[in-house]
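Assembly of the complex is requested from the two constituent chains, each provided in isolation within its own frame, with the hints serving as guidance.
So the sequences go chain by chain: A and B. Under my numbering, the first sequence has 243 at position 243, and the numbering climbs by one with no breaks. In my numbering, each residue's number is its place in the second sequence (first place is 1) plus 264.
One thing to keep in mind: the hints can contain errors.
[Claimed, not checked] So the derived list for chain B, only partly shown, Cβ under 10 Å to chain A, looks like this:
1. M526
2. E527
3. E530
4. T531
5. M652
6. S654
7. S658
8. N666
9. N669
10. G677
11. A679
12. I855
13. E857
Everything labelled a hint here was simulated from the structure, so no lab data went into it. We put the CB at the ideal spot given by N, CA and C, even for glycine.
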Amino acid sequence: MNVVVCVKQVPDTESVIKVKPDGSDIITDDLKYVMNPYDEYGVEEALQIKEKFGGSVTILCMGPSRVVETIRTGLAMGADKAIHLDDPALEGGDAFATAKALAEALKGIEYDLVLCGKQAVDDDLSQTGQTLAELLGFPHASLIQKLEIADDNKSATVHCQVEGGLAVLDVSLPAVLTTQKGLNEPRYASLPGIMKAKKKPLDTKDLAALGLSADSVGCAGSKTIITKMTPPPERAAGKVIEGEGPQETVPKLVQLLREEAKVI
Amino acid sequence: MNIASYTILGIPNFVLLTIAIIAALVFFVNRVRHLYIVLRIGKEDDRFKEPGERIKAVLKRILLQICVLKDVTRNDLAGIGHATIFYGFLCFAFSYIFMFARGFIPGLSFHLLGGAFAHYFPLILDIAGLLVMTAVIWGLTRRYIVKPPRLELSLEAVLILGWIFSLMLFHFIMEGFEINTDPHEMPTLAFMGAAFAGFFANIETTTQEALFVASWWIHVLLVLGFMVLIPYSKHLHLLLAPFNIYFKSREPKGALVPILDMEEAETFGVCNIEEYTWKQLLDLYCCAHCGRCDINCPAYLSEKPLSPKDLLNDLKVHLLEKASFLLENKNGGDEETKEYEGPSLIGDVISEDKIWACVTCGSCIEQCPVCNEHVQKIIDMRRYLVLMESKFPSEVQVVFKNMENNSNPWGIGWATRADWAKDLGVKIMSDDSDVDILYWVGCAGSFDERNKKISTSLVNIFNKAGVNFGILGAEEKCCGDSARRIGNEYLFQMLAMETIEILKNYNVKKIVTQCPHCFNTLKNEYPQFGGDFEVVHTTEFIMDLIEKGKLKLTKPIDKTVAYHDSCYLGRYNAIYDAPRKILEGIPGINIVEMDRNRNKSMCCGAGGGRMWMEEHLGKRINEMRLQDALDANPNMVCTACPYCLTMFEDAIKEKGVEESLAGKDIVELVEEATA
Ligand code: SF4
Ligand code: SF4
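Excised from the complex, chain B in its bound form (with noise of 0.2 Å):
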């Protein structure tokens, strides 16, 4: 059927779809545009190094759809519908080509591309659309129906998948009509067509060539709306999640952004919506809804008001309210500045109720199928507070206070420091610097009465296993991991040089740290500061110490024993094996893993400065943690981290449980297995 030279009310067919097509252009590309210029009212932010890396993530993203399927669980199977759709809708995508193509060029068919694939892409065809047409109703049916956590029971959503099977259902009937009216055209294989024109048979053949007219044009004016709808919506991910997922951070996933010239700067952090990134605002109209940073957030999971998934869609609709003022006033130039009087974005759009809850664990960001990067932008609301206007939770400011004067968020007397260490024979720095590693022990390590004990464990090891070490005793300051989280970027960096001063006049190549914050700081934050150390968390150093034969794992412990991931070793460092294949050594031991574990592991609530916080909304994360814990049914509960043992051991106090379930850092195993 010759659909180029047909003609509706006299007027020829390619000229109706030559406006049709522009029609669509216009909104599509009109909205593009004001997305685009919109974006471009962000900051400066350089994601354009290392093009092949950022190149290879898309495609091992995308194509392979690693975005959704990499957390497809016996629970969640939703990823496997996701690819399918995207799979089906790239066959289709291809034969839209086609579809267009036709209504310009007579005769154009899928044998331009020879015999085979005229024979068999319609029978390819008609099984993706099958797929995506149940994938569609087992979307709609786990959404409605089902309601699974994650997602939201909105409209847009219906009218998206109600499309797509609108779309595929059209391409059947088009494909039926054209069996009928052009039977040479179409071959036998198309069976989802030959149903349909078998439906069709006993219908005139010249109803059926107007049928098949329109059809064709419903198909295409469904694809035209598809087009034009995807920007307006959360579909706008289709289009944009590949950006995004380009522009995606290459820096250490645990290294947040600095602020450079502090000097000169007169502003600090963002309460303007314009003071973010492009890439910033580029993921908050990437979101596609999908509500995986969400089940995962510890802040979201114990009610607190935060929600990351309502973060950034709330940023979004407040971008997109701002950005014609942002506009004009930027092309306004001379004039002077207006205020805006829309809502502001601290406050108004974003409690700092919500600013506060972040624990800052990574999930969100994990989680996300986009790629995401919601931290950063609570983080540098988070700055502005706290360097703009010292607004933070009342009991912070003590702790600010203790890190300046003495170095530790305790506040105890610096000087003694190391009074730990006294009658351990532990070389300090400032006598001894002769050392092949230093062990950097942290505030909790060296000032909690709980975790001293550790420190003293893993002293004891490092003496068994011959480790030639020395520690920097009173010199030796707050990393400021947690004065960095809560925003106080100034203190953090007087924390950072001053230590990396001192780090390198003793000439330090290689450090070893207990506490995982520390651990990330030194790491990944400190090279920022021009720090470059070899650092390595204990975890891995005793492994290695396994693995050499220096230590040996012979002393039995019999006990069941759940492995607790701390965010900061584990998503934001990627060391999961490492203290699994430890406690694997230690004969006796039986491991059990929590429902929630490895890059989906839960924090214990203390990240991101929330340690120094009250918790005065919803429930509290520590003993969410522990029911985790309890579930598996353990007796142990092995932790790597100084801020999770206090998070545990705070939580079996306070639900009573210490007869069946122990707190222990992984240090402290250790050392007894080896005794």
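Extracted from the complex, chain A is given alone in its bound form (with noise of 0.2 Å):
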């Protein structure tokens, strides 16, 4: 079995997210990257197969050269060789946009599984993965939480989280499975992994290795146009509701429910 899984590089969580004044963008001079916590789960299911079915794992990613980190921690916990999609042209690219470069960039190598995360943490578009199966012509399935590739390699069953509920699908080989939480428990590199990644291969391409033009990816080849970035509004300060007992501050609380909220 070989396995590609689509990694994304994304501020951590716990950035302190500051949007540009013209609302362009977000600053990013103080930000920390890590790997999407979500492809992780893709890294971690995508070297259990390989463990137990043998074959290769083949990190995906693209961005500027900073995502070479992220690249690396995914080879220290234990993948064979990554992708590196690095052209200013990518930059800025919609769901659509990164779909297509991800699916030229699979062209020409051998794989019978792509994993990616089901969001990224960063827009939390939730579309890449959909949106790149549908380009490569290959079944789909989101959200899994359970993946069991049958013997003969051809076919998988997968659990996927759905509203209220677990739906259980069979899906034929190649596909394209964005992954969830609760699939696994992704490793922590050892240090050995850690030292080898340094050395394993990391194939960059550009936009003319891709053979895509400037103006199908990118900021130009995207559906979807960022026109304007705003922080959420600052939380107010919750309400404590004085009274003596629940005889007096229930019926405030029903009172503001009803009318401040307006969720009763």
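As structure tokens, then:
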């Protein structure tokens, strides 16, 4: 089984996010970048598949040179090789433009399965995996929490999280699956793993190598345009309802829930 | 009586004696040689520098018997017994030279060293013998009737004590016969000998002569047997403790041994016994099973699977079991290395639960009379588990990630590190680095709600005393103490090197830390990576401010306070007095001591990275320590460590004693007293 894991580098969730004054983007100066946590489940699952069936694990990642650190994290965990899509023209793309570049990068390499995190925790779009499957023409299942590959490696049974329950699906392979929390516990890279990662093959491709034109990817190739970013409104302070015992406070609470919060 | 020329079955006595000595030496030397060869399997360890200091330590610990006398308490007087036997034995060891020599040289006696010596030495021997016998009986009574918790009821102990007792007894018997057969040789001062002589007085002279030779022989055989017994038993410490003390680490107590060639090395930590250094293996030989380490080990006391004594002994048994395999493989040379099929070090010999139970409080090292160094051995195994296998309690992974991504174990955004000081007008080094003191806040002081208050108090104290200080703000990172002690040397070194770089850039000279863990790491471990700064703990710094008259403790605090010694302040850095003196200087405060205090203080349970692990096994260490405090009857426990405070306050809440007992950091008390 050869598995490709699409990985995105995102700001650490604890980062203090500030929007540029003109609202065009966020300020990235002081950000600490990490691997998108949902992608970590993908990497771990791929490694477990490799441990069981053999084969290889490839990390596929798009972004400027800083994303190499994230790629190395995946390699340190145990992936065998990586493809890095690095071209200024790729920047600023939405899920569609990104999926397009990823799909192009997958051409010409052999794989049986593509794993993506269910969404990236920066823009939370949750579309890249699905779009990628469409572009590749492969079956797709999202939010998987369990993955069982058939012994012949031709199909898989997946458990997907759906509203209020669990969907159990059989998919034929190759397929694109997006991974969700609960699938596994991503491993912590061992030190020999970290050291070896520095020497593992990393194939960097620019636009020309991908064979794509600049207007079909990145900002130019996107179907959506970010017109303005604004920080969410500051959360108002909580309210303490004063009063003697529940007889007094409960009616007040009900009144507030009805009139101010408008939830009942 | 001329023993040298006596014959038994026609064979001259000296021939028989020669045979006996050679036989004993064969056993003795063989065993010692084997132990030595096995020891040499261990890795390199440079323990030879500063020989003068090393010799001093040996003399002090052994000749003065500080090794055991240092922890004589009302409840544990065993050290006195040990010293008695030790000194008694020294006298006898000297007399044995004569005893053996008499077997070869006719007419040899104490007179050789002068009349006075011949006159008084037998008296000294008799007194010594009597004292040793008393000590032995007392020791046996203690061990088998009183049964102190630290001692095991081993047969070996009875054998050895019985042996020593017999040695003394046969000395008296021999003396008795000698007085009767050769009266001019023996002075009357040997009162025990005289008593026995009186006892044997009615036996015929020739029989007495034969009995004298017999008792001499038994005595000789007992001595030779004892010599053979030593290297086969826990009494190996008799032979090796001086070496162990000599080779004791001369690095700061609080510094773990660094992994220096991290980029080049292929394996990290220890998962095979032969990966320990020879000194670490020597420790195993030297353990005397005295249990002093156990009865002060918080892991052991709280019923975790770890016992530092058993740890060493299980390692020793494993080492000797694996030795033949190792020696064979070592000499085998070109043959491909075979897999060892016996038990694995981690898992079979030492379970992972034991490895994770240690709070690295250092009490075992502190109490050990033969200067064994337990903690590094545990850390070495942790290093293997963490760095090679990524195996550790699952809750630790997020802690590592938090330290990697946000430079603090809580994982709170690193950019908010100095938010606690926002409204306090504290200088941030990146804005203004013209300061006398760098206040190293630490992760707890920066992010933990309770401890942020203490940082604020400290800032107020600094301002009151007119200290020109600054903080690193968002540039400060976790010092790496927990990472290192959990075994993640890689993460630790990353954090340490980044910080050293920053500190050097600001040309920092003097650092004040509030957290003893930061204090120990910066002071004792950063020099390993070129970070040489003057580091002082707040308690020392405040004491200094008080002495210089810059701070005045005027406002009374009417409380009965028990001060809890943090391991990394006390045991590891010997700061016991500064905090106590500060408290004594606060009017109104009445200080009480817990039973376990100063170097016998018990860890709060958070050291060694245990702060970040669940406590699934045994009793809760922090609740046990709280009980220590409650027993001293204070209405306030005072700490000087953010972890200790957290652990105490958790225990106070858990036990519901908030009404009667408060937890405070010493900094808060100082702030209050200077208000
Ligand atoms: S360091 Fe403390 S917890 Fe660890 S073995 Fe020694 S005494 Fe026990
Ligand atoms: S390690 Fe030291 S303190 Fe512990 S039992 Fe052995 S000799 Fe005693």
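Right, here's what the structure says about each hint:
1. M526: 8 Å, holds
2. E527: 7 Å, holds
3. E530: 7 Å, holds
4. T531: Result: holds, 8 Å to nearest chain A Cβ.
5. M652: Where the cut-off is 10 Å and the nearest Cβ of chain A is about 6 Å from M652 (chain B), the hint holds.
6. S654: 4 Å, holds
7. S658: 7 Å, holds
8. N666: 8 Å, holds
9. N669: 5 Å, holds
10. G677: 4 Å, holds
11. A679: 5 Å, holds
12. I855: With a minimum Cβ separation of about 41 Å from chain A (threshold 10 Å), the hint on I855 (chain B) is violated.
13. E857: 43 Å, violated
Violated hints for the displayed structure, listed by number in ascending order: 12, 13.
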